[in-house]
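Visitor: Sequence:
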Amino acid sequence: MAKLDIKLTKQQQQMLALAVIVLGGGGFAYIKYFWLPTSAKIAATRAKIEEVEKKIEKAKAVAGRLNKIQQELELLNQQAIEAERRLPKDPNLPGVIELVSDLSVKYAMKLNSFTIGKASPKPHFVEVSYRVDMSGTYHNLGRFLAALALQERIFNVRGLVYGRPDPATGTMTITFELISYMYKG
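What the sequence shown shows, in this note's numbering, is residues 955 to 1139, in sequence order.
Hints in this document: simulated from the structure, not taken from any laboratory. Where hints are given, some of them may not hold.
Simulated crosslink set (SDA-like; lysine to any residue; CA at most 25 Å straight-line) [stated by the list, open to error]:
hint, residue 1, residue 2
1, 1072, 1008
2, 1002, 990
3, 995, 981
4, 1060, 1135
5, 1138, 1045
6, 1076, 1014
7, 1072, 1091
8, 1138, 1093
9, 1008, 1019
10, 1014, 992
11, 1072, 1040
12, 1138, 1127
These numbers come from a predicted model, not from an experiment.
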């Protein structure tokens, strides 16, 4: 290896020392006052961007589920409307009387009397009873009861009692308790 033998004058040494101090101080100032704060801001901004991207992904997932939830809600609302038609919130006595009267005419049953009974509350619904006295043939009674069972509103028949049919016409007297239901909500 070659030996470097550099001789600097006093002024050159001072200039070299000054240059080293200026470069060192300038480098220190650059790193401390520019590089490190800028790097910290970049890191903070990256963290915020990642956080926002995670929120966007989460929002997209929720938005995808929102459509499904809205469809389920619409289906449940339709089912609730259907259930309310079958199990209304009010007794609608005129509607029940009209229905029984129309069905009795349609199936050749003579409606002798229709008496309102008592309401009997149950845990989720209320039973409203009506005492019905009719007369007609056995087959017409079957058709009447079948038509009643097929109605949109829920009905039940209890205590069906029928008398001896007239030998000439086949007509008999029928008595039963008609039960309609109301939603107890």
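Visitor: Taking the earlier hints as the rules, which of them does this structure contradict?
Guide: When the structure is compared with the hints, numbers 1, 6, 7, 8, 10 and 12 turn out to be violated.
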